[in-house]
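Heads up: the sequence shown at position 108 corresponds to 108 in our numbering, and the numbers run straight through without jumps.
Calculated directly from the structure, the hints in this document are not laboratory data.
Small disclaimer: the values here were computed from a predicted structure and weren't measured.
C-beta: ideal position from N, C-alpha, C; glycine also.
Don't take each hint at face value.
Pairwise CB distance ranges, derived in the manner of DEER restraints [unchecked claim]:
1) Asp26 / Pro143: 36 to 44 Å
2) Ala95 / Thr150: 17 to 25 Å
3) Arg13 / Tyr159: 17 to 25 Å
4) Gly23 / Glu70: 17 to 25 Å
5) Asn162 / Ala95: 13 to 21 Å
6) Asn100 / Pro143: 28 to 36 Å
7) Ala30 / Gln160: 25 to 33 Å
8) Glu168 / Ile118: 23 to 31 Å
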Amino acid sequence: MPRIAFATIGRLRAPVGDAIVQGFIDRVPATYDQAGHSPGFIDRSRRDIETWTQSWGEVVSPKCYDCDPELLAATLSMWQDLESVAAYAYRGHHAEALANRRDWFEADDLPTYVAWWIADGEEPSFAQAAEKFDYLHEHGPTPEAFNFRTAFAPDGSPYQLNSALVKEKAALAATR
Numbered sequence: 001m002p003r004i005a006f007a008t009i010g011r012l013r014a015p016v017g018d019a020i021v022q023g024f025i026d027r028v029p030a031t032y033d034q035a036g037h038s039p040g041f042i043d044r045s046r047r048d049i050e051t052w053t054q055s056w057g058e059v060v061s062p063k064c065y066d067c068d069p070e071l072l073a074a075t076l077s078m079w080q081d082l083e084s085v086a087a088y089a090y091r092g093h094h095a096e097a098l099a100n101r102r103d104w105f106e107a108d109d110l111p112t113y114v115a116w117w118i119a120d121g122e123e124p125s126f127a128q129a130a131e132k133f134d135y136l137h138e139h140g141p142t143p144e145a146f147n148f149r150t151a152f153a154p155d156g157s158p159y160q161l162n163s164a165l166v167k168e169k170a171a172l173a174a175t176r
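Generate the whole structure from the sequences, applying the supplied hints.
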């Protein structure tokens with residue numbers, strides 16, 4: 001059964017270690033813990049907070065993010081469905097981080113997240129995520145790379161998130 005690969009990226013206002021972005025860094029462990037306890041979560045690349053390295057390989061900068069790679073904060077995860085990742089993204093620690101993102105990240109018109117379908121057993125890579133970010137930036141949402149607002153099913157047909165299911169998953173996560 002296909003799964004969702006989900007990547008996030010942002011250009012930090014200062015390098016890791018600078019007080020300007022410390023509020024973001026301080027929230028990373030709790031946000032990762034929240035993901036791990038969320039319904040529909042499969043796995044994620046694990047970041048070492050001390051070395052800033054990822055377990056699924058080196059972070060590759062999308063071409064549309066033309067900046068020092070040390071200023072990029074990126075995540076890569078796998079989910080059972082779009083509703084699961086939406087329920088996670090807009091509640092709890094992650095929602096708090098989103099609300100404060102302008103304190104830590106540069107504002108621009110680049111995509112900050114991208115979703116795409118992968119085959120069961122496939123593991124996404126940061127190189128693949130960079131390609132998906134560039135594709136989304138250049139072409140807008142398509143079955144190849146999309147967002148919550150304009151999503152697609154595994155067969156490429158347009159897909160509308162089930163808001164009742166998102167709420168149900170968020171409520172379930174709140175009990176964990």
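Evaluation of the provided hints:
The given range of 36 to 44 Å is respected by Asp26 and Pro143, whose C-beta atoms sit roughly 37 Å from each other. Checked against the given bound of 17 to 25 Å, the beta carbons of Ala95 and Thr150, roughly 21 Å apart, stay inside it. One distance hint, 17 to 25 Å for the beta-carbon pair Arg13 and Tyr159, is violated here, with the actual separation near 34 Å. Taken as a hint, the range 17 to 25 Å holds for the pair Gly23 and Glu70, whose Cβ atoms sit roughly 18 Å apart.
For Asn162 and Ala95, the hinted distance range of 13 to 21 Å is satisfied, since their beta carbons lie about 19 Å from each other. A C-beta distance of roughly 33 Å is found between Asn100 and Pro143, which places it inside the suggested range of 28 to 36 Å. Roughly 31 Å separates the CB atoms of Ala30 and Gln160, a value that falls within the hinted 25 to 33 Å. For Glu168 paired with Ile118, a C-beta distance near 24 Å keeps the hint of 23 to 31 Å intact.
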